Amino acid sequence: MFSLALEENNKQVVDDLIIGAEHLKKEVKQNEIKCFLSGESDILNCYIEIHAGAGGTESQDWAEMLRRMYLKWSNKRELKCTIISEHRGEEAGIKSSTLKVMADYSYGMLKFESGIHRLVRISPFDSGARRHTSFASVWVYPIVDDSIEIEIIEKDLRIDTYRSSGAGGQHVNTTDSAVRITHLPTKIVVQCQNERSQHKNKETCMNMLKARLYDFEIKKRDQKTKNQESEKSDIGWGHQIRSYVLHPYRLVKDNRTSTESTDPEKVLDGEIDIFLESSLYKLNG
Numbered sequence: 001m002f003s004l005a006l007e008e009n010n011k012q013v014v015d016d017l018i019i020g021a022e023h024l025k026k027e028v029k030q031n032e033i034k035c036f037l038s039g040e041s042d043i044l045n046c047y048i049e050i051h052a053g054a055g056g057t058e059s060q061d062w063a064e065m066l067r068r069m070y071l072k073w074s075n076k077r078e079l080k081c082t083i084i085s086e087h088r089g090e091e092a093g094i095k096s097s098t099l100k101v102m103a104d105y106s107y108g109m110l111k112f113e114s115g116i117h118r119l120v121r122i123s124p125f126d127s128g129a130r131r132h133t134s135f136a137s138v139w140v141y142p143i144v145d146d147s148i149e150i151e152i153i154e155k156d157l158r159i160d161t162y163r164s165s166g167a168g169g170q171h172v173n174t175t176d177s178a179v180r181i182t183h184l185p186t187k188i189v190v191q192c193q194n195e196r197s198q199h200k201n202k203e204t205c206m207n208m209l210k211a212r213l214y215d216f217e218i219k220k221r222d223q224k225t226k227n228q229e230s231e232k233s234d235i236g237w238g239h240q241i242r243s244y245v246l247h248p249y250r251l252v253k254d255n256r257t258s259t260e261s262t263d264p265e266k267v268l269d270g271e272i273d274i275f276l277e278s279s280l281y282k283l284n285g
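Going by my numbering, the sequence shown opens with residue 1, and the numbers climb by one from there.
Certain hints may be false.
Unchecked claim - Dumping the calculated DSS-like pairs for lysine-lysine here, alpha-carbon to alpha-carbon at most 25 Å:
(1) K266 x K282
(2) K266 x K220
(3) K34 x K72
(4) K187 x K202
(5) K95 x K34
(6) K200 x K219
(7) K76 x K187
Said to hold, decoys possible - Label pairs and their calculated CB-CB ranges:
(8) E90 x K155: 34 to 40 Å
(9) D263 x E40: 17 to 23 Å
(10) I159 x K219: 41 to 47 Å
Think of the hints as simulated: they come from the structure by calculation, not from any bench. Predicted model only: the values in this text are computed from it and were never measured. Yeah, the Cβ is synthetic: ideal placement off N, Cα and C, and Gly gets one too.
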């Protein structure tokens, strides 16, 4: 009996040591990641803009899949993530959508998601079951707080109102509550339709515009102060950063860090931390 109790006690000690080691490992990793989130904007909340590329329904469906991926990622981390605007495709998917992520360091974690995302699969919309390649762009930029002053001159703005095309009940299609603002000097366009009030949508648009202009100025300044490094990829439109292949093989590969996953469904279900972390380690150094 004593021997059995001793064996059980030793097993409990070993289990506790394993749990403690795993907890310590996780804590060390979190602190290590925090070290890479030291940029002046990294701590801020962020917007995620998703746009379907050329290809009609195929790309619009892919854009919606990407939106779902980021919503799932936020949900798994218990982050507040809301849809600010969306423009539905004629048959399926979305032409564009903007998400708002309210969580410290969300910009720092997601900023390297900006770029072109490519999908290869057997099309569910093709009666011939042929393989299609689709593209969608993702752009992540920080939400500026009240401590950051952004000057916006009224004459530089063009403000348009229109009827919302997204969810929202009967009211959506009865008034021109959706707002689109164009900043003429930079050609930056922001839009919002998630509120019933045109006034609230305009207020949200102005906050988005301030964020876009802040991001624009930061990138312009960085371009002047940093040398072009050949190992770092341009994350602008036209530069593919990640491929999601569902056929003829199954693989998700980040073209900048060479990080891979052989489980695309898991990735598209929000398990993207391996790509976020590898980007921080390689591209933030």
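Results of checking the hints against the structure:
1. K266 x K282: Holds. K266 to K282 sits at ~23 Å (cutoff 25 Å).
2. K266 x K220: The hint is violated at about 36 Å.
3. K34 x K72: Given pair K34, K72 holds - Cα atoms ~22 Å apart, limit 25 Å.
4. K187 x K202: 18 Å, holds
5. K95 x K34: The given pair, whose Cα atoms are some 35 Å apart, is violated under the 25 Å limit.
6. K200 x K219: Violated - the C-alpha atoms of K219 and K200 are around 29 Å apart, more than 25 Å.
7. K76 x K187: 35 Å, violated
8. E90 x K155: 34 to 40 Å: With a Cβ separation near 36 Å, E90 and K155 satisfy 34 to 40 Å, so the hint holds.
9. D263 x E40: 17 to 23 Å: 36 Å, violated
10. I159 x K219: 41 to 47 Å: 25 Å, violated
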